[in-house]
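Asks: The chain contents come next:
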Amino acid sequence: MRKKRIAFFDFTSCEGCQLQVANLGEVLLDVLDIVDVVMFREVMSEKTEDYDIAVVEGSITTPHDVERIKEIRKKAKVLIAFGSCAAIGGINGMKNNFDLDEIKKYVYGKNAGYFETIKTSALDQVVKVDYYVYGCPIYPPDFLKVLKHAIQDIPYTTKDVAVCAECKLNENECMYDKGIACLGPVTKGGCNSWCINSGNICYGCRGMVKEPVKNGCMEVLNKYNIPVEWITSKFNMYNKTLESEDKK
Amino acid sequence: MEQYVVLNKNDFDDFIDILAKLQKLVAPVKRGEKNYAFDEVTSSSEIALKYIPTILPPKKYFLPQNETLVEYNKKQNKREGTLYSEPLTIFGVHTCDLAGIQCLNIVFSDRPMDANYNLRKKKILVIGLECNEYCDEYASCALMHNQYPNGGYDLFFTELENKFIIHVNTLSGEELIKKMGMIKPASEEDMKGLEQLRIKKRKIFKPEIDISYSNLHPLFEKSFNNDVWNDIGNRCLSCTNCTNVCPTCYCYDMGYDTDLDMNSGSLIRKWDSCQSRPFATVAGGESFRPERAARQRHRYMRKFNYAFDKYNRYFCTGCGRCSRTCMAKINLKETINTLIKTVKAEK
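Residue numbers (the numbering used here), protein chains in the order written: chain A, 1 to 248; chain B, 1 to 347.
Bear in mind the hints are in silico, worked out from the structure with no lab data behind them. Keep in mind that the hints are not guaranteed to be accurate.
[Claimed, not checked] Among chain A residues calculated to face chain B with C-beta under 7 Å, some are: (1) GLU15; (2) ASP30; (3) PHE115; (4) LYS119; (5) TYR139; (6) PRO140; (7) ASP142; (8) GLY179; (9) PRO185; (10) GLY199; (11) LYS214; (12) VAL220; (13) LYS223.
Using N, Cα and C, we set each Cβ at its ideal position, and we do this for glycine too.
Build the full structure now, drawing on both the sequences and the hints.
Replies: Listed below in structure tokens is the structure:
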């Protein structure tokens, strides 16, 4: 069997998720045994138009992005939305909090006219996506799992269970017990509660579970005396893009 | 060998030092403000003798969260069952958690017997520790008849003023005691002290809810269509905390994990929770329990109704973990009280 040819692309993002791949360490050698990396700007100069799997980082934020991602989709047999920006819009979605013209002026000043901008989209709001790797940055073991599934052409679903589940299994002290707002209860797990294990809160970078309960959450906040703004401001950081419209 | 022996508190440090050198030792340690967890210790100073139930019960040592059951290699056409376990001593298990381990023992020795669980269990030495007072307001151990030791341990420690009275319950426990030079037989006076403590406890530990032990099962049998489940369902976040921390929840999921060579791999067993939607979702996307109310009802029924039918035993130990950990403050004692009120009113 021919090794699958894998190419990395980036749109609006920090390329930190690709760095996570470059930083895989020894495991990277095992990855290279099973795939041919044919394009990866972060670590190599070669370029090609011939690839099987497109690993795409970043969100769609300009008309040019739309054209480019459509081209990539045409050439790739498999498309993986890689990291929060690609999978759920991520922090680029904060732009959607503002009027587009206003925010363009705020960023580019008098040169705003030279730049075209559109509302931030996750990849699947523009093209069909086959696999998702969530997280900001991606959780490396999660990426390896998705990659193995993609190579074998078998579907992969991130289990629709909150971060709390894994957090409890790691026996972390609950942030709410400390009076700190945390997005764990409404955020899709699979990261092994990475942040909370290290003493941080969950910022919801993996997107929301399918059925977050609004009423229940409001009641929890009331009980712990946590203002709802603490939650909404954190929520808007990663989850603004998919808020108003459903995924395609 | 005497059935009851005594360890002076002055010798406790030495006892733990020796215990930790014999084999891996885990005990409750402080984890954050009001949380405790079972973790590896090497000296008595790390152990929290006064602790409220740990975040996860000791079931994590009997039924690991991620357990490799089978390893395979396609090229070599090999597929072998595996068991990863090591000799382990768990010190300081409260009576509620001993009851939890007993429940798991029943389930996993039932046919088809779970070989991995039972082989692992054989390597675990359990040392219980009596609660002289209530841990907190969430516990309902007296209602569930678990405030006193009722088997399920090798040794059982009861703290008196300046000593521990130790009940030796098994041969392994007896062998361990023989290795501890500082342990003396219990005198009549010691036994009196133990008796007095138990009498004192009778005044402290009283059924936390006004219902008899035997009436719990009929109560839940009549509660299937009760409104309380909708109320709980509206508040539940499906975070799955209640089942993960439960000492008797044992449901698991299994899945293959291929290694990066795409040739070898393993079959892995993981804890699962009936509170998540995927749990009862089948091929085609249909779910048997799509509503949170139905999922919460299922959890309660598994503790007080179905398990009783099957094993003639409640699968609630009264440890209070589910209520303690619930962010939405879904409280077991409140639920049962509501059921008592509403089921009576229905008559």
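Asks: Take the shortest C-beta to C-beta distance between PHE115 (chain A) and chain B; is it under 7 Å?
Replies: This hint is violated: PHE115 (chain A) lies away from chain B, its Cβ roughly 42 Å from the closest one there, beyond 7 Å.
Asks: Hint LYS214 (chain A) vs chain B: min CB-CB distance below 7 Å?
Replies: With a closest approach of 10 Å, the LYS214 (chain A) hint is violated.
Asks: Minimum Cβ distance from TYR139 (chain A) to chain B below 7 Å?
Replies: violated, 15 Å
Asks: For the restraint on LYS223 (chain A), tell me whether the closest CB of chain B is nearer than 7 Å.
Replies: Holds. Min distance 6 Å.
Asks: Measuring from the C-beta of LYS119 (chain A) to each C-beta in chain B, is the shortest one below 7 Å?
Replies: violated, 30 Å
Asks: How about GLU15 (chain A): closest beta carbon in chain B under 7 Å, or not?
Replies: Since the shortest Cβ distance to chain B is 24 Å, the answer is violated.
Asks: For the hint on PRO140 (chain A), just tell me whether its beta-carbon gets within less than 7 Å of chain B.
Replies: Since chain B brings no Cβ nearer than about 12 Å to PRO140 (chain A), farther than 7 Å, the hint is violated.
Asks: Would you settle whether the hint for ASP142 (chain A) is holds or violated, based on the nearest Cβ-Cβ distance to chain B being less than 7 Å?
Replies: violated, 13 Å
Asks: Quick check on VAL220 (chain A) please, does its C-beta sit within 7 Å of some C-beta on chain B?
Replies: Interface hint status for VAL220 (chain A): holds (5 Å vs cutoff 7 Å).
Asks: Taking the least C-beta to C-beta distance, is PRO185 (chain A) closer than 7 Å to chain B?
Replies: For PRO185 (chain A), the interface hint holds, since the closest Cβ of chain B sits about 5 Å away, which is under 7 Å.
Asks: Tell me if GLY179 (chain A) is really an interface residue toward chain B, meaning its C-beta lies closer than 7 Å to one of theirs.
Replies: violated, 10 Å
Asks: Quick one, is the ASP30 (chain A) hint okay against chain B at 7 Å, beta carbons?
Replies: Constraint on ASP30 (chain A) satisfied, holds at 4 Å.
Consistency with the previously given hints fails for numbers 1, 3, 4, 5, 6, 7, 8, 10, 11, ordered from lowest to highest.
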